[in-house]
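Peer 1: Sequence:
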Amino acid sequence: MQSSVIALLPEALGSSAAGVSGATTNPALMGQALVTHSAHYRSFLHTLPASMPADIRLRSLYDQLIIDSAQLLLPLFLQSWHRTGWLSAQIEGGHWMNQDALVARGLELAALAPNIMIKIPGSAQGYRAIEQLVARGCSINNTFCFSVSQLDACLKAIHAGRQRALANGVNTERARYVVSFMIGRLGAEPEFERQARGRRLHLGQADKRWAELAVYQAMQALMRRCETPAQLLLCSIKVDTDARGREHCWHLQRTGADTTLYTLTPELIEFLIRRQQAGRSIAPATEWVQIPGKVLDRLLAIPYFNQAYFEGGLTSDEYARYPAFLTAGNDARLGVQRLQGFIADTLDPPVSTPPVARHKTTMEGRA
Numbered sequence: 020m021q022s023s024v025i026a027l028l029p030e031a032l033g034s035s036a037a038g039v040s041g042a043t044t045n046p047a048l049m050g051q052a053l054v055t056h057s058a059h060y061r062s063f064l065h066t067l068p069a070s071m072p073a074d075i076r077l078r079s080l081y082d083q084l085i086i087d088s089a090q091l092l093l094p095l096f097l098q099s100w101h102r103t104g105w106l107s108a109q110i111e112g113g114h115w116m117n118q119d120a121l122v123a124r125g126l127e128l129a130a131l132a133p134n135i136m137i138k139i140p141g142s143a144q145g146y147r148a149i150e151q152l153v154a155r156g157c158s159i160n161n162t163f164c165f166s167v168s169q170l171d172a173c174l175k176a177i178h179a180g181r182q183r184a185l186a187n188g189v190n191t192e193r194a195r196y197v198v199s200f201m202i203g204r205l206g207a208e209p210e211f212e213r214q215a216r217g218r219r220l221h222l223g224q225a226d227k228r229w230a231e232l233a234v235y236q237a238m239q240a241l242m243r244r245c246e247t248p249a250q251l252l253l254c255s256i257k258v259d260t261d262a263r264g265r266e267h268c269w270h271l272q273r274t275g276a277d278t279t280l281y282t283l284t285p286e287l288i289e290f291l292i293r294r295q296q297a298g299r300s301i302a303p304a305t306e307w308v309q310i311p312g313k314v315l316d317r318l319l320a321i322p323y324f325n326q327a328y329f330e331g332g333l334t335s336d337e338y339a340r341y342p343a344f345l346t347a348g349n350d351a352r353l354g355v356q357r358l359q360g361f362i363a364d365t366l367d368p369p370v371s372t373p374p375v376a377r378h379k380t381t382m383e384g385r386a
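So in our numbering, the last spot in the sequence shown is 386, and the numbers never skip.
Hints are computed from structural coordinates only; laboratory data are not their basis. There may be inaccurate statements among the hints.
As the list claims (entries may be wrong) - Between beta-carbon pairs, the in silico distance windows are: (1) R293 <-> I75: 43 to 49 Å; (2) E306 <-> R102: 24 to 30 Å; (3) N187 <-> E337: 31 to 37 Å; (4) A276 <-> P72: 49 to 55 Å; (5) N190 <-> R265: 46 to 52 Å; (6) E286 <-> N187: 41 to 47 Å.
None of these values were measured; they are calculated from a predicted model. Using N, Cα and C, we set each Cβ at its ideal position, and we do this for glycine too.
Take the sequences, apply the hints, and build the full model.
Peer 2: Structure follows, in C-alpha cells:
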C-alpha cells in the first residue's frame with residue numbers, strides 16, 4: 020500500500036531519498052484507529068483483568084496502539100539502518116505534566132519499540148524533560164511548537180542533553196530530533212483575529228498564511244545559525260481553495276528552501292494526487308519567498324504574531340499559555356476522552372431496554 024501511494028505522489032515528495040519515511044500519533048488519531056480497527060482493540064480490552072484500574076487500562080490500550088503502529092514501520096526502520104521508519108508517539112496528557120512525569124512516561128513509551136520517537140509538548144516543563152531524555156539517548160519530537168522562542172528552547176535542550184550524554188558515555192549516534200511547528204494552527208487560532216479586530220485590522224486568509232510563513236522562515240533562520248542535528252517538521256498543513264475554486268497549499272508550495280519535513284494527512288495526500296494526476300504537481304519551494312512589506316507591517320501590530328515571530332517573544336512560563344498551545348492541548352484532552360469512551364462502550368455497553376408495548380385505547384381501536 021505504501022509503495023502504491025508513493026508512486027502517485029509528486030517526485031519531489033515521494034522519492035525514496037526524501038519521501039514518506041515515518042508516521043506520527045496523537046490521541047485524536049488513535050481514536051480514529053479505534054474506529055477503523057474496533058474489533059481488534061475490543062478483543063484486546065477483553066484480555067485485560069477486570070480488576071485493572073481505569074487509568075492503567077487506558078494506558079494499556081494506548082501502549083498497544085503504539086506497539087501495533089511501530090511494528091508496521093519496523094521493516095523500514097531496520098532496512099534504513101534506523102534513518103527512517105520512526106513512529107512519533109505522543110505522551111497523552113503531556114501538556115499539563117511536570118518534568119518528572121514527562122520523563123517517566125517518555126521512557127515507558129521509548130521502551131515499547133526500538134523505532135519510537137517520544138513526542139513531548141513545548142512547555143517549560145517539556146523542554147526540561149527533553150534535555151533529560153536526550154541525555155539518555157532517546158529520540159525526540161517536540162510538538163505543540165508555535166514560536167521561535169519555543170524552538171530556541173528546544174534546540175538548547177537538545178544541545179545540553181547531548182553534552183550530558185557525551186559526558187556519561189551514552190551513544191546518541193542513532194537518535195533523531197524533530198521540532199513540529201503546527202503551522203496551520205498558528206493562523207487558525209481565534210485569538211489572532213480577535214487581536215487584529217481590536218486594532219481595526221482586517222486579516223484575510225492570505226494574511227494568516229503570510230504570518231505562518233514568516234514564523235517558519237524565522238525558525239529556519241535560527242536553525243541555520245545553530246547548526247543543530249534537529250530538523251523542522253511542518254504539521255497541521257492546510258489546503259486552501261480560492262475564489263475560482265482552485266486548490267493551493269502555501270505550506271507546501273512556499274516552504275522547503277531549507278530542509279523541511281512534512282506531516283501528510285490522508286486528505287493532503289489526496290490533494291497531492293489530484294494535482295499530480297491533473298498535470299499540476301506540487302513541489303516545495305527552492306528559494307525563500309518574500310513576505311510583502313505591507314502585510315508584515317500589519318502583522319507586527321498584533322501581539323499574538325510578535326510572540327511567535329520574535330526570539331524572546333514568549334517567556335518560558337508563557338509557552339503553555341499561548342492561545343494556540345491551549346487549543347492544541349484541549350484537542351488532545353478530547354482525544355483522550357474518546358479513548359476512554361471506547362473503553363467504556365466496550366466493557367460497559369449501554370443496556371437497551373425493550374420498548375414497552377402501548378395498548379390502544381378504545382377510541383384508537385375504533386379509528
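Peer 1: Would you mind marking each hint as holding or not holding in the structure?
Peer 2: The hints, checked one at a time:
1. R293 <-> I75: 43 to 49 Å: Check passed, 45 Å falls within 43 to 49 Å.
2. E306 <-> R102: 24 to 30 Å: Check passed, 27 Å falls within 24 to 30 Å.
3. N187 <-> E337: 31 to 37 Å: At roughly 32 Å between Cβ atoms, E337 and N187 fall inside 31 to 37 Å, so the hint holds.
4. A276 <-> P72: 49 to 55 Å: Holds, at about 51 Å.
5. N190 <-> R265: 46 to 52 Å: Given range 46 to 52 Å: holds, Cβ gap about 50 Å.
6. E286 <-> N187: 41 to 47 Å: holds (44 Å)
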